[in-house]
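S.K.: What follows is the residue order along each chain.
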Amino acid sequence: MAQGFLVYVENRNGRIRKGSLEALATARRLADALGRTVDAVIVGDDAAAAQAARFGAHRLFRVAPADVFDARDGVVELLAGLVRQESPAWVVASATAAGKDCLPALAARFERSVIQDATEVAAEGGELLIKRPIYAGKAFEVVKPAGALAFLTLRPNVFPAAEAPAAATVVDHAAAVDPARVRTRVAEVRETAGGKVELTEAAIVVSGGRGIKAAEHYPLIEQLAAAFGGAAGASRAVVDAGWVAHHHQVGQTGKTVSPTLYVAVGISGAIQHLAGMSSSKYIVAINKDPDAPIFKVADYGIVGDLFQVVPLLIEAVRKLKA
Amino acid sequence: MKIGVCIKKVPDTETRIRIAPDGRQVSLEGVSFIISPYDEFAIEAALQLKEKAGQGEVVVIAVGDEDTGKVMRNALAMGADRAVLVTDPAVVEAEPYDVARILAAVARKEGVELLLFGKQGVGQDYQQVPTLTAELLGWPAAAVVVGLDVAGGELTATREIDGGEEVDRLSLPAVVSAQKGLNTPRYASLKGIMAAKKKTIETHALAALGLAPLAQRSWEVVRLEMPPARAAGRLIDGEPEAQVKQLVELLHTEAKVL
Ligand SMILES: Cc1cc2nc3c(=O)[nH]c(=O)nc-3n(C[C@H](O)[C@H](O)[C@H](O)COP(=O)(O)OP(=O)(O)OC[C@H]3O[C@@H](n4cnc5c(N)ncnc54)[C@H](O)[C@@H]3O)c2cc1C
Ligand SMILES: Nc1ncnc2c1ncn2[C@@H]1O[C@H](COP(=O)(O)O)[C@@H](O)[C@H]1O
Numbered sequence: 044m045a046q047g048f049l050v051y052v053e054n055r056n057g058r059i060r061k062g063s064l065e066a067l068a069t070a071r072r073l074a075d076a077l078g079r080t081v082d083a084v085i086v087g088d089d090a091a092a093a094q095a096a097r098f099g100a101h102r103l104f105r106v107a108p109a110d111v112f113d114a115r116d117g118v119v120e121l122l123a124g125l126v127r128q129e130s131p132a133w134v135v136a137s138a139t140a141a142g143k144d145c146l147p148a149l150a151a152r153f154e155r156s157v158i159q160d161a162t163e164v165a166a167e168g169g170e171l172l173i174k175r176p177i178y179a180g181k182a183f184e185v186v187k188p189a190g191a192l193a194f195l196t197l198r199p200n201v202f203p204a205a206e207a208p209a210a211a212t213v214v215d216h217a218a219a220v221d222p223a224r225v226r227t228r229v230a231e232v233r234e235t236a237g238g239k240v241e242l243t244e245a246a247i248v249v250s251g252g253r254g255i256k257a258a259e260h261y262p263l264i265e266q267l268a269a270a271f272g273g274a275a276g277a278s279r280a281v282v283d284a285g286w287v288a289h290h291h292q293v294g295q296t297g298k299t300v301s302p303t304l305y306v307a308v309g310i311s312g313a314i315q316h317l318a319g320m321s322s323s324k325y326i327v328a329i330n331k332d333p334d335a336p337i338f339k340v341a342d343y344g345i346v347g348d349l350f351q352v353v354p355l356l357i358e359a360v361r362k363l364k365a
Numbered sequence: 005m006k007i008g009v010c011i012k013k014v015p016d017t018e019t020r021i022r023i024a025p026d027g028r029q030v031s032l033e034g035v036s037f038i039i040s041p042y043d044e045f046a047i048e049a050a051l052q053l054k055e056k057a058g059q060g061e062v063v064v065i066a067v068g069d070e071d072t073g074k075v076m077r078n079a080l081a082m083g084a085d086r087a088v089l090v091t092d093p094a095v096v097e098a099e100p101y102d103v104a105r106i107l108a109a110v111a112r113k114e115g116v117e118l119l120l121f122g123k124q125g126v127g128q129d130y131q132q133v134p135t136l137t138a139e140l141l142g143w144p145a146a147a148v149v150v151g152l153d154v155a156g157g158e159l160t161a162t163r164e165i166d167g168g169e170e171v172d173r174l175s176l177p178a179v180v181s182a183q184k185g186l187n188t189p190r191y192a193s194l195k196g197i198m199a200a201k202k203k204t205i206e207t208h209a210l211a212a213l214g215l216a217p218l219a220q221r222s223w224e225v226v227r228l229e230m231p232p233a234r235a236a237g238r239l240i241d242g243e244p245e246a247q248v249k250q251l252v253e254l255l256h257t258e259a260k261v262l
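One line per chain: the protein sequences are P and Z, in this order. Residue 44 is where the first sequence starts when you use our numbering, and the numbers rise one by one after that. Residue 5 is where the second sequence starts when you use our numbering, and the numbers rise one by one after that.
Source of the hints: derived by calculation from the structure; they are not laboratory data. Hints are supplied without guarantee of correctness; some may be wrong.
In silico DSS-like links for lysine-lysine, alpha-carbon gap of 25 Å or less [as the list claims (entries may be wrong)]: (1) LYS249/Z / LYS324/P; (2) LYS339/P / LYS249/Z; (3) LYS6/Z / LYS202/Z; (4) LYS260/Z / LYS339/P; (5) LYS364/P / LYS260/Z; (6) LYS61/P / LYS364/P; (7) LYS362/P / LYS201/Z; (8) LYS362/P / LYS202/Z; (9) LYS256/P / LYS298/P; (10) LYS260/Z / LYS61/P; (11) LYS249/Z / LYS331/P; (12) LYS364/P / LYS249/Z; (13) LYS324/P / LYS260/Z; (14) LYS201/Z / LYS6/Z.
Chain Z regions said to be covered by chain P (calculated; three or more residues, Cβ under 8 Å) [unchecked claim]: (15) 14-25; (16) 145-156; (17) 216-223; (18) 228-235.
Beta carbons: idealized from backbone N, C-alpha and C, even for Gly.
Please build the complete structure, drawing on both the sequences and the hints.
M.R.: Following this line, the structure appears as structure tokens:
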């Protein structure tokens with residue numbers, strides 16, 4: 044059998060990351076085009092394995108949870124063992140915090156760099172052509188892996204996750220990870236309160252800019268985001284002013300988001316902000332300045348005072364969804 | 005404690021990107037260069053650790069062209085003690101693995117106990133040199149760090165993960181990559197700028213470090229593309245009530261996101 048894909052499926056407390064399902068489905072689409080197979084690996088119980096098995100792998104290695112897999116080094120040990128055992132041609136993970144961290148550590152062991160944060164992958168002439176943003180999306184680089192082994196991560200929320208016609212064969216895999224090789228220890232994990240939708244995974248993102256004028260108005264952005272069932276973001280101006288924590292920042296030095304809908308409220312549209320959100324499918328801008336650059340990328344623009352428009356919009360969205 | 009800070013020279017974030025005639029590179033003509041913004045958080049963290057300990061040395065390390073010395077001087081002006089530049093015609097296009105190999109060699113030669121990075125070199129946005137370097141050194145690592153403390157030979161790092169934070173404990177020597185929020189980088193003082201002028205930037209060729217030549221192993225750039233132009237949008241006129249009504253309708257029927 045020709046060498047194929049090995050996909051790392053990230054499981055957080057029984058919840059499989061959406062990006063991992065996207066990675067599985069993408070690997071399957073490419074494998075079908077290339078006449079290759081998809082192996083996948085998950086650390087988790089039978090229920091998690093059964094869920095992941097539906098999304099495109101031919102064979103799913105299930106590894107029983109153990110303390111060593113809480114830290115990156117343990118996962119890297121596990122993956123390195125499987126790469127040696129199965130000799131895949133392509134090792135794939137979602138470009139989540141863990142994926143972007145595990146794959147370089149793994150690649151280093153095979154003297155390779157990672158093709159990080161791909162937004163398009165095509166199979167052409169028996170090879171992969173991979174597109175990834177550079178300059179935070181101001182341009183794209185199309186690369187072709189060189190050599191027999193490539194490592195790549197896929198940007199979450201960009202690739203479709205579809206179930207495959209048949210479930211994978213689940214294979215129990217006993218990974219022997221030497222605890223001494225786990226150099227970094229995870230002491231504590233603090234989830235952000237309230238089970239809010241993660242910015243980079245949200246289908247709808249509502250961000251507020253300096254136009255909101257003060258910290259006490261940021262809840263307006265959160266309420267609009269909640270009405271849409273999305274996540275709340277911010278421009279750097281808002282973060283630098285201390286109105287909201289930095290992990291909400293969207294842009295070149297913040298998060299890159301590509302939701303179906305991005306709503307920019309009181310944001311001028313500086314080049315560094317656009318870099319983080321211009322690949323969104325639909326963009327709505329609400330700004331009182333008709334010449335604000337944000338209108339150049341917006342599909343729908345409202346020129347107006349956000350303090351008048353946003354409360355009306357919250358009400359209208361709630362009503363429609365009710 | 006001796007702390008190394010790896011810094012990358014990158015185009016200013018204001019830069020409008022154009023593709024060079026060969027279609028495979030970004031045209032850097034007339035572009036001004038800066039230290040990658042995340043690296044400034046790493047420099048600040050190193051200076052604060054040194055100040056807190058009341059002793060130690062901060063060495064900034066870069067792999068780049070000869071011009072990289074210019075941005076390194078800004079790091080010296082902020083307060084770094086020394087600058088080490090590894091330059092070679094081949095490094096300009098070096099892929100992350102090779103950059104990591106060089107940085108690991110310098111870290112070993114310098115005998116640093118803590119090696120700090122930015123979480124990402126803006127521009128190429130590879131997001132991997134810190135982790136690759138840690139693995140090559142066999143040191144523990146924490147990436148995308150927003151909180152950092154060193155006590156009793158152990159390092160505690162708070163890192164940003166999707167939907168929360170994670171607290172890691174690492175023994176030294178270790179690798180840490182800095183995320184925005186870790187601190188507020190200082191501006192160089194006039195005194196710092198004057199002092200930086202007198203410092204030399206120690207420059208090494210690859211061979212002098214006993215390193216093998218670079219090899220592009222992992223990929224080949226086929227072409228660069230500009231993002232697809234967004235079609236002209238629609239401005240919705242009228243009174244706020246009418247605007248909102250029309251917007252919601254468009255989102256519902258045209259965009260189908262509601
Ligand atoms: C190295 C570097 C990195 C950067 N990285 C980022 C990044 O990652 N993300 C980012 O966002 N920025 C980033 N920036 C900053 C960027 O250049 C801008 O300064 C920032 O995006 C501006 O934020 P803003 O649009 O909220 O504020 P402003 O530019 O001040 O815009 C405020 C807008 O609100 C509108 N407004 C005011 N009142 C109202 C009202 N009542 N109703 C409606 N509209 C109103 C105004 O017309 C204006 O357009 C970076 C800058 C640098 C130098
Ligand atoms: N050429 C380089 N010289 C020194 N440090 C670098 C270089 N390239 C990357 N780095 C460091 O690695 C970090 C992450 O870069 P990257 O993996 O390229 O996104 C940067 O913020 C720097 O700290």
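S.K.: Against each hint, give a clear statement of whether it holds in the structure.
M.R.: Cross-check of the supplied hints:
Restraint check: the Cα-Cα separation between LYS249/Z and LYS324/P comes to about 21 Å, which is no more than 25 Å; the hinted pair holds. Proximity of LYS339/P to LYS249/Z is assessed by CA-CA distance (about 22 Å); at most 25 Å being required, the pair is judged to hold. With a CA separation close to 21 Å, the supplied pair LYS6/Z and LYS202/Z stays within the 25 Å bound. The hinted pair formed by LYS260/Z and LYS339/P meets the criterion: a straight-line CA distance of about 21 Å does not exceed 25 Å.
For the suggested pair LYS364/P and LYS260/Z, the alpha carbons sit about 13 Å apart, so the restraint of at most 25 Å is met. Restraint check for LYS61/P and LYS364/P: satisfied, since their Cα atoms lie roughly 24 Å apart, inside the 25 Å limit. In summary, the hint linking LYS362/P to LYS201/Z is not supported, as the alpha carbons are separated by about 64 Å, beyond the 25 Å threshold. The straight-line distance between the Cα atoms of LYS362/P and LYS202/Z is roughly 67 Å, outside the 25 Å bound, and the hint therefore fails.
For the hint pairing LYS256/P with LYS298/P, the CA-to-CA distance comes to about 22 Å; that is within 25 Å, so the pair holds. For the suggested pair LYS260/Z and LYS61/P, the alpha carbons sit about 22 Å apart, so the restraint of at most 25 Å is met. Pair hint LYS249/Z plus LYS331/P holds up; C-alpha atoms about 18 Å apart against a cutoff of 25 Å. Pair hint LYS364/P plus LYS249/Z holds up; C-alpha atoms about 14 Å apart against a cutoff of 25 Å.
In summary, the hint linking LYS324/P to LYS260/Z is supported, as the alpha carbons are separated by about 11 Å, within the 25 Å threshold. A C-alpha spacing of about 22 Å is found between LYS201/Z and LYS6/Z, which places the hinted pair at or below 25 Å, so the restraint holds. By the rule of at least three residues with a Cβ nearer than 8 Å to a Cβ of chain P, the coverage given for the stretch 14-25 of chain Z holds, with 7 such residues. For a cut-off of 8 Å, the count of residues in the stretch 145-156 of chain Z with a CB near a CB of chain P stands at 5, and the three-residue condition holds.
Counting residues of the stretch 216-223 of chain Z whose beta-carbon sits less than 8 Å from any beta-carbon of chain P gives 4, enough to reach three: the coverage restraint holds. Only residues whose beta carbon comes within less than 8 Å of a beta carbon in chain P count, and the stretch 228-235 of chain Z has 6; three or more means the coverage holds.
Hints 7 and 8 from the earlier list are contradicted by this structure; the remaining hints agree with it.
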